[in-house]
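Residue numbers (my numbering), protein chains in the order written: chain A, 33 to 502; chain B, 33 to 502; chain C, 33 to 502.
Rather than coming from a laboratory, the hints here were simulated on the basis of the structure.
Among the clues, some could well be false.
One copy or two, either will do: identical chains are not told apart, so a pair holds if it fits within one copy or between any two.
[As the list claims (entries may be wrong)] Mimicking DSS-like on lysine-lysine, the simulated pairs with C-alpha atoms at most 30 Å apart in a straight line are:
#1 K314 with K40
#2 K220 with K273
#3 K373 with K312
#4 K314 with K373
#5 K327 with K40
#6 K373 with K358
#7 K273 with K353
#8 K497 with K242
#9 K358 with K327
#10 K242 with K40
#11 K373 with K353
#12 K497 with K353
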Amino acid sequence: MPKTLIHKDLLFPAEPGVRSIARGLYERVAGLPIVSPHGHTDPRWYALNEPFPDPAGLLIAPDHYVYRMLFSQGVRLEDLGVPCLDGTPVETDGRTIWRRFAGHYHLFRGTPTRLWFDYVLQSLFGIDEPLTAANANAQYDRIADCLARDGFRPRALFERFNIEVIATTEGPLDDLKWHARIRDSGWKGRVITAYRPDSVIDPDFDGFAKNLDKLGEITGCDTGTWNGYLEAHRKRRAYFKSFGATSSDHGHLTAETANLSATEAASLFDRVRNMRAGEKDKRLFSAQMLTEMAKMSLDDGLVLQIHPGSWRNHSAAMLAKFGRDKGFDIPTSTDYVSALKPLLDLVGLERDLTIILFTLDETSYARELAPLAGVYPALKLGPAWWFHDSPEGMRRFREMTTESAGFYNTVGFNDDTRAFPSIPARHDVARRVDCAFLARLVAEHRINENEAHEVAHELAYTLAKRAYRL
Amino acid sequence: MPKTLIHKDLLFPAEPGVRSIARGLYERVAGLPIVSPHGHTDPRWYALNEPFPDPAGLLIAPDHYVYRMLFSQGVRLEDLGVPCLDGTPVETDGRTIWRRFAGHYHLFRGTPTRLWFDYVLQSLFGIDEPLTAANANAQYDRIADCLARDGFRPRALFERFNIEVIATTEGPLDDLKWHARIRDSGWKGRVITAYRPDSVIDPDFDGFAKNLDKLGEITGCDTGTWNGYLEAHRKRRAYFKSFGATSSDHGHLTAETANLSATEAASLFDRVRNMRAGEKDKRLFSAQMLTEMAKMSLDDGLVLQIHPGSWRNHSAAMLAKFGRDKGFDIPTSTDYVSALKPLLDLVGLERDLTIILFTLDETSYARELAPLAGVYPALKLGPAWWFHDSPEGMRRFREMTTESAGFYNTVGFNDDTRAFPSIPARHDVARRVDCAFLARLVAEHRINENEAHEVAHELAYTLAKRAYRL
Amino acid sequence: MPKTLIHKDLLFPAEPGVRSIARGLYERVAGLPIVSPHGHTDPRWYALNEPFPDPAGLLIAPDHYVYRMLFSQGVRLEDLGVPCLDGTPVETDGRTIWRRFAGHYHLFRGTPTRLWFDYVLQSLFGIDEPLTAANANAQYDRIADCLARDGFRPRALFERFNIEVIATTEGPLDDLKWHARIRDSGWKGRVITAYRPDSVIDPDFDGFAKNLDKLGEITGCDTGTWNGYLEAHRKRRAYFKSFGATSSDHGHLTAETANLSATEAASLFDRVRNMRAGEKDKRLFSAQMLTEMAKMSLDDGLVLQIHPGSWRNHSAAMLAKFGRDKGFDIPTSTDYVSALKPLLDLVGLERDLTIILFTLDETSYARELAPLAGVYPALKLGPAWWFHDSPEGMRRFREMTTESAGFYNTVGFNDDTRAFPSIPARHDVARRVDCAFLARLVAEHRINENEAHEVAHELAYTLAKRAYRL
């Protein structure tokens with residue numbers, strides 16, 4: 033039984049020479065501030081600075097990585113405190129949920145969740161033995177005790193985590209009141225928003241038509257017309273920028289883009305707006321809107337993030353019972369080369385535009401994304417994403433992108449999480465994996481050690497700041 | 033020249049620390065009984081317990097891994113004793129075939145066949161020098177001599193191999209007489225069958241219509257109607273269960289499933305049954321039948337195995353001359369996320385159902401299969417299959433599935449072979465590769481060594497028993 | 033700061049035992065002659081044997097690997113001396129270009145370009161410190177000084193590089209006058225051509241119709257008819273063979289093949305010839321022509337190379353401004369199993385035919401290409417190509433093809449380059465990566481060390497000669 037949950041050599045290659053190089057690289061970047069340019073924490077936390085709820089409410093019920101694994105092995109979401117839309121009663125006792133989780137903790141062996149969780153237990157709550165059914169109660173008590181203290185409130189943790197800047201994600205209909213509250217509070221923590229307009233771009237989004245009505249009200253634009261609709265976007269983007277936004281984010285099903293004439297686009301919008309659009313029209317509209325967003329980015333400087341390829345809410349029954357985002361988003365095969373061509377023909381050569389591409393389809397790393405980012409000035413590669421935000425996933429990302437795109441067409445790390453306590457763990461894993469990769473390059477005499485130090489610093493800190501204009 | 037064909041550290045990582053961990057893990061699982069829940073050995077062997085034929089007839093002519101490689105380099109199948117459908121005379125002298133094989137043994141460098149073959153030579157026949165043209169005669173003599181002894185008959189080998197249970201594969205039209213003979217013989221070896229109904233489900237299967245007639249005769253059901261046809265399946269499944277079957281197995285071209293209404297399904301069956309089905313109907317029928325099988329599994333508890341993605345008998349000329357299964361089955365790109373949705377919407381959340389997914393398209397491991405199995409309770413992942421039943425293939429399987437699905441949504445190892453003597457070799461390779469993978473996780477401090485021991489035991493033995501309900 | 037740019041252990045695994053094996057393997061193949069069966073150097077160089085231009089004109093402006101990376105980071109091609117079609121003035125001062133490149137040299141960290149470049153600097157120009165902005169001038173002077181010497185003229189380098197044979201690539205309309213000049217010069221260097229008929233096979237090629245007219249003039253065949261057109265190919269192939277050609281090369285968008293009747297083919301040709309072909313016809317024509325080329329290969333013995341899957345000149349604007357082949361060729365997903373079936377059904381079992389398959393879609397290595405090449409006698413696998421001609425790319429190629437196709441269904445290394453000075457570097461990288469792979473197999477006791485020596489020799493030298501009939 034180890035005396036520590038997180039070994040100092042975690043994730044470093046076993047070969048002593050390489051490990052020694054990795055350690056040396058990591059030592060110099062381990063303590064760098066966290067730049068978190070893309071994530072989903074709740075700005076309310078920073079605004080109100082209230083204590084977090086009990087251990088289960090903080091660490092289990094909101095983490096789909098956690099409950100999807102338990103669900104796959106027969107544990108019902110109700111029994112983990114995940115709320116049902118239909119009002120079915122769910123477990124509310126945090127301790128019971130925690131014990132249930134502890135009894136299944138072996139399921140996470142070999143997964144990143146295990147690493148993040150152990151990291152949180154140790155670094156945040158000072159726990160140094162693995163969670164088991166036997167010690168679940170004691171660990172629960174200890175964590176609950178911590179959470180009640182002021183030093184564990186959101187702002188204190190933000191500072192303790194050494195977060196230089198964090199971006200949240202809001203939709204165009206959000207009034208950003210929590211961001212306003214943060215700004216007005218005098219607290220120095222830098223929390224910015226990001227513009228995520230899926231709810232007014234995806235015609236299949238819940239309440240799409242009403243969302244557009246509301247967008248019109250908020251902006252005073254006529255969202256019944258194409259030009260008014262575009263103008264409304266411009267106004268909201270400007271508003272988001274006034275709360276620090278430097279990027280927009282787009283979760284389309286595919287990477288398809290289009291470049292319609294203004295007339296065609298207006299006519300398409302008309303059909304979509306009046307609910308006369310078929311599947312083909314809906315996809316075309318999404319495609320056109322990526323291009324419109326890119327054009328606006330050229331004007332206002334927001335970085336455009338494209339996150340395609342997730343089949344959201346794959347299980348109809350789970351969507352009906354528990355709602356969106358319950359661990360049933362499944363990646364699909366994703367094309368970029370033909371999908372992005374209309375966009376790239378229009379703005380791909382622009383040197384002042386930054387488009388960051390993500391993928392859940394690793395086959396595109398070496399085949400499409402690295403060759404594209406290795407030549408188009410507007411393109412950069414986002415880090416290994418979601419299911420690939422993991423040691424093996426990150427390693428494959430570097431192995432499959434570096435040779436064609438280099439390091440400098442990538443943008444550092446995104447934690448992409450709503451699990452606030454896990455943010456340092458996630459950045460730590462990324463820094464370790466990148467240092468391990470660089471150490472191998474050094475050991476194989478492919479780069480020099482001093483270069484590796486420079487690159488490690490870029491990957492851990494500088495690239496994210498530069499790419500996201502932070 | 034080494035003194036042994038199979039080194040004790042075979043397949044373990046070279047780094048001494050990791051190797052030492054791998055050895056320690058392997059030591060405790062190397063001797064575990066073999067659970068072989070999916071394979072294609074001939075039940076007649078165990079029933080009659082007759083001596084195996086000569087070395088070439090046992091080790092070369094029936095092994096498509098062997099003869100496809102030789103064929104690719106210009107050796108004719110006739111010259112290896114593979115029978116021709118048209119009666120073309122083929123080589124019948126085992127020694128000549130063996131010598132021909134020995135002269136090409138270098139072709140297998142770097143392939144799993146080489147490892148399996150060496151393992152068999154050494155562990156079964158006590159041979160400790162590599163096969164060459166020079167020693168081919170002597171090795172042939174030694175093997176032939178062994179095969180003549182009682183200790184090399186099927187049942188003796190079964191016991192020597194420490195097989196706890198082995199499944200064979202039979203079609204619904206099989207009377208399972210060899211299984212009956214085994215059962216009635218008083219021999220204690222556990223040989224069970226598995227239900228493989230391709231011949232009465234795939235409308236393109238040779239003699240499909242006649243097969244359905246025969247299915248009707250055997251079961252007393254009216255296989256001219258949809259309901260009668262389904263009832264016939266139910267009866268045969270029950271019959272197979274009475275011979276120990278715990279699973280069904282389905283070798284469809286794709287993973288497509290469907291969920292038609294009873295009326296639509298009956299009408300589709302009608303077209304298929306009366307040979308009025310076009311390509312689209314045929315595919316839809318196969319798709320619907322996967323769903324029907326899953327529904328029956330819910331009732332009778334058989335584990336459903338889906339083995340899609342192989343373009344069978346790719347060469348028309350070879351199919352015409354030598355028949356099916358002559359090494360010309362080629363994998364194709366395979367989608368699971370949309371293909372399985374109808375089935376998953378119907379039964380994917382069932383906790384008492386087990387559906388085991390296999391693939392020949394490794395791109396689906398991390399992108400589709402691990403995310404699916406990591407959330408749907410009914411889904412488990414079959415091991416690296418066929419061309420990927422190899423050290424690199426197994427390593428990639430673990431590297432690409434563990435982080436999203438964990439170890440516990442996988443089902444241990446399947447040898448999937450008709451090459452009986454190679455079974456211990458195949459399980460040994462799998463155990464070694466899994467221990468090597470676990471050793472790396474331990475060395476990189478991602479799991480503890482005691483956890484690795486537990487997982488190694490699960491992968492080598494327990495998971496297969498549990499998943500296949502053995 | 034290291035004393036050498038290329039470490040003697042470059043690319044060898046760090047673990048001392050494996051490294052030692054790799055060194056031992058490499059030592060025996062490092063000095064083997066270079067066989068370069070597929071490349072794009074300019075035969076004019078060897079014919080005229082004039083000095084190469086200044087350092088930038090030799091090493092930067094013609095190398096799309098180099099300038100695409102700089103372009104991706106905002107450097108304009110004009111500023112690197114890449115000529116514009118529209119006559120826009122471009123930088124002509126080699127020293128300025130060289131300094132610009134030096135200032136961005138860090139971008140190449142982790143890329144093969146860096147390895148090749150360092151190798152050239154060191155082995156050819158005796159430079160032993162990394163290129164930086166600070167030493168750019170000095171290095172420029174040194175290289176310029178070298179290039180002025182006789183020992184750096186093409187033929188001297190050819191001999192110094194120990195090139196046993198090199199193939200260039202020419203189109204059917206080329207008169208091969210430079211090859212004639214080489215042949216007539218009395219120089220002993222073996223420079224052969226290869227038949228690359230894209231300009232008269234791809235209906236979308238610039239000037240296709242005129243190209244066919246010209247093909248008719250050159251051959252005296254009526255290229256207005258299908259039979260005349262085929263005969264013209266036969267004549268040109270024979271002409272190319274008289275200049276040493278042993279292969280043809282085909283850069284189709286896909287691997288699609290067809291096997292039309294003579295009547296259908298003639299009618300299709302008619303539509304294509306008279307510019308009445310739609311997209312579908314054009315693709316079918318390309319598909320049919322691969323089959324026609326294979327049939328001609330059966331007669332004349334030329335090895336058929338298929339290089340599919342590159343979306344050429346992806347950026348319309350860059351194509352318009354700078355022309356073809358400016359680093360904007362992007363790989364796409366590529367199917368082989370169904371695409372090649374018509375061709376394989378016709379000639380796939382021929383033992384006297386050699387078809388070499390390349391891919392830019394690594395997903396096809398283990399799924400399609402290795403299983404195909406591991407059974408069809410006519411098929412061999414070309415080496416890791418283009419973006420995958422890199423250490424990680426080559427490693428993945430071996431890891432994903434060897435277990436199903438073995439080593440002997442691969443064809444050694446192709447440098448595939450027009451960057452003449454980099455040829456030894458590229459072969460050296462390939463030899464090192466293959467030795468590293470083999471060393472791992474030895475260390476894991478998967479092959480013996482003496483076998484590894486044999487295989488290393490095959491991969492570095494013999495396989496290319498045999499496969500390309502050199």
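Exercise. Could you tell me which of the hints above the structure violates, numbers in ascending order?
Key: 1, 5, 7, 8, 10, 12
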